[in-house]
Amino acid sequence: MSEPLLQLDGVHTHIGQYHILQGVDLAVPKGGITVLLGRNGAGKTTTLRTIMGLWHASRGTVRFADEDITQTRTPDIACAGISYVPESMGIFSDLTVRENLFLAARSVKKADQMDEARLEWIFGFFDALKKFWNQPAGTLSGGQKQMVAIARAIVEPRKLILIDEPTKGLAPAIIQGMVAAFRELKRTETILLVEQNFSFVCALGDTVAVMDGGRIVHSGAMADLAGDQELQHRLLGLSLDSHQ
Amino acid sequence: MTTIPHPVTQDSPLAKVRVDVVPLLLVPMLALLMLPLVGSFPTWVTLTVAGLAMGMMVFMMASGLTLIFGLMDVLNFGHGAFVSVGAFTATLVLLPMKGWVETESVWMNLSVVGMAILLAMLVTGLLGWAFERIIIRPVYGLHLKQILITMGGMIVAEQLIHVIWGAEQIPLQLPSTFRGAFIIGDAALEKYRLIAVGVGLTVFVTMFLVLNRTKVGLLIRAGVENGEMVEALGYRIRRLFVGVFMAGSALAGLGGVLWGMYKETLTAAIGGEMTVLVFIVIIIGGLGSVGGCFIGAMLVALVANYAGFLAPKVALVSDILLMVTVLLWRPQGLYPVAKR
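So the sequence lines, in the order shown, correspond to chains A and B.
Going by the numbering used here, the final residue of the first sequence carries number 244, and the count climbs one at a time with no gaps.
Going by the numbering used here, the final residue of the second sequence carries number 340, and the count climbs one at a time with no gaps.
FYI, nobody ran anything at the bench for these hints, they're computed from the structure.
Just so it is clear, the structure is predicted and the values come from calculations on it, not from any experiment.
For each residue, glycine too, the CB sits at the ideal point set by N, CA and C.
A portion of the hints provided could be inaccurate.
[As the list claims (entries may be wrong)] Below are the DSS-like pairs computed for lysine-lysine, each with C-alpha atoms no more than 25 Å apart in a straight line:
#  : chain 1 : residue 1 : chain 2 : residue 2
1  : A       : Lys130    : A       : Lys110
2  : B       : Lys191    : B       : Lys98
3  : A       : Lys130    : B       : Lys215
4  : A       : Lys186    : A       : Lys30
5  : B       : Lys215    : A       : Lys131
6  : B       : Lys98     : B       : Lys263
7  : A       : Lys110    : B       : Lys215
8  : A       : Lys30     : A       : Lys109
9  : A       : Lys109    : A       : Lys130
10 : A       : Lys131    : A       : Lys159
11 : A       : Lys186    : A       : Lys159
12 : B       : Lys215    : A       : Lys109
[To be verified] Coverage of chain B stretches by chain A, computed from C-beta distances (three or more under 8 Å per stretch; other residues unrestricted):
#  : segment
13 : 212 to 223
14 : 227 to 234
Please take these sequences and the hints and turn them into a complete structure.
Structure representation (structure tokens):
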């Protein structure tokens, strides 16, 4: 197996007095979707924030593309090629959709210099963005805001995209659309996807890691987990049937 | 390729962008409402122009502060120091070049004031850089400490002014061609007030264009809303903040020069006296909002002028009354800034 794109070794993260990550070992291979599953409070969001440098690991190492980024600052991590879609989506509601994407396109100085072919590629699966291109992002619906947040992460080629619970609070019809979008995205991008919605990710993910109590308790191919109801029940406390 | 359905857009027309115009109407509405109360049209014109001129100067002092608070949550009670330092720095040009101030040549008058403004903005901008590094940086995220240390910084700045320029008041003469008034009908429009309005509008329009049309401006607006996300997109918000702090300090310096020439007498406390007023303005406007700050400054100054004429005793508390009224109506200020 080739060297993973992202590798976490024994990562511990403290937030104030709380010891959230307690030795996370995680490898994200290049290409496709790696899914990070786990119950509420398992440490999934903290893992993403630690990778992004928004919280720094107190122990352990985070390596990305052969560089140690454990103590690197967030803007430098972003410039190294990681983009981040937080759970809150983090869109700038006062700015238009176009301006939101323009700020994410670091290499251009003016909004009209953004790569049109790439924008058309994005509009191909998020066509609402084209319609609302010059609207303040704050006026969009929840699903459309999520599209802005994901589009912002892919407006320029990046090596790795971290996405935190993109289906949270979205209507089933929108989630179905998201599945299609992620299928398209994973052909060219590497994605680390945090989710609680197992039925959403079981068809999408290539590899999977399950977290509990601030540690990775299982990792392997998604197909293996999807085909083993006993394992799902043990790791996630659910059976796939109950979520269909 | 499948596209994501978007029920909101499929059947309904494009959502209209709602522009909140009510605060924009407040200034003209206030002015028109006061016309019958003032009674005399020429007096009303004079009061209104005087109010707008003062409002523009207060806006220059306050605009930087509102961005500083919005971007980094920093409460800078020392902002008035830049007003004082700006005004006193101007004397370094205006007093030695008295000949250029007293001459009847418009160009020489403009040149000498222009030089004074440039020097004042340069000095206050650099002072802002030092102030951020030495005083603000150690207290990020600690509001109580920010209040205490920035007030301390203000006191030190005032005392340093005493050390450098002495404890005496310094008379600051208006250039000859800036004196007097245009008489239109029975209304007297002081030239200097019109100049202040012109400079204030130029500053406002420039800020508006920078914040809306440039990448740096968009980053500042984005940073006010969600600084962490700006960092996650690959920009160093700290650098952005230092830039905004320097620009805000330089604008306060510009406001100080204009305010000093308006008052024609300088004391070291000239900036400190404005601190409360400037805070009232940014609270009325909505912390972090430049547009709100502009309207807030105009309202505060107009209300002070009208109240001074109609009920001088009320003028003593007019700005507080205005703030309370606005906050009862909009508790987050005229244009609340969405925070993550």
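Handout entry: Hints that the structure is at odds with (numbers, increasing)
Key = Per hint list: 8 and 10 violated.
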